[in-house]
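Visitor: Can you build the whole structure from these sequences, using the hints too?
Each residue of the sequence shown is one higher than the one before, starting from 373 at the first, in our numbering.
These are calculated hints, taken from the structure and not from any lab test.
Here the structure is a predicted model, which is why all the values come from computation and not from measurement.
Possibly wrong hints are sitting among the right ones.
[What the hints assert, rightly or not] If you anchor each label on the Cβ, the simulated ranges turn out as follows: (1) Ala500 - Ala415: 22 to 32 Å; (2) Gln508 - Leu388: 35 to 45 Å; (3) Met504 - Glu395: 39 to 49 Å; (4) Tyr427 - Gly492: 19 to 29 Å.
Quick reminder that beta carbons are idealized off the backbone N, C-alpha and C, glycines included.
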Amino acid sequence: AVVVKSPETSPLSASLLGELCRECLPRGLVNIVHGLGQPAGDAIAAAAAEHGMGYVAIPVTPGGFTQAQVTAMGEALAAAEGKVLAYCRSGTRSTNLWALAGASKGEDPAGLIESAAGAGYDLAPIAATLDMLAAQADD
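Guide: This is the structure in structure tokens:
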């Protein structure tokens, strides 16, 4: 099961995603939660638990990433069994945080950049940071 919290500023996009999912996925597999801020986060956590899924909130704002956020993402990915859904309004912050967490664990930045590009995301703005984190992980 997947729980998607719609962006506060554009809930229609998540509703449209739900419509697409309804056409190709079994009923109940994707749950769309609309709302503002933490109350919606609480609803997501409850819906995830109801379906036997884990839920980790790693709030990220457009101002950049902290080491704590990168570490939290790395820990969430390491603890996950199976696939992981990282969600933000456009997917860019989630993708960047995923790549930063991977690089900090020593994953190859070129491979991270290629994987992100395959999903339609450009990691060029953080490529130097990915290189630095990967080099530090190798030390």
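Visitor: Hint numbers the structure violates, sorted upward?
Guide: 1
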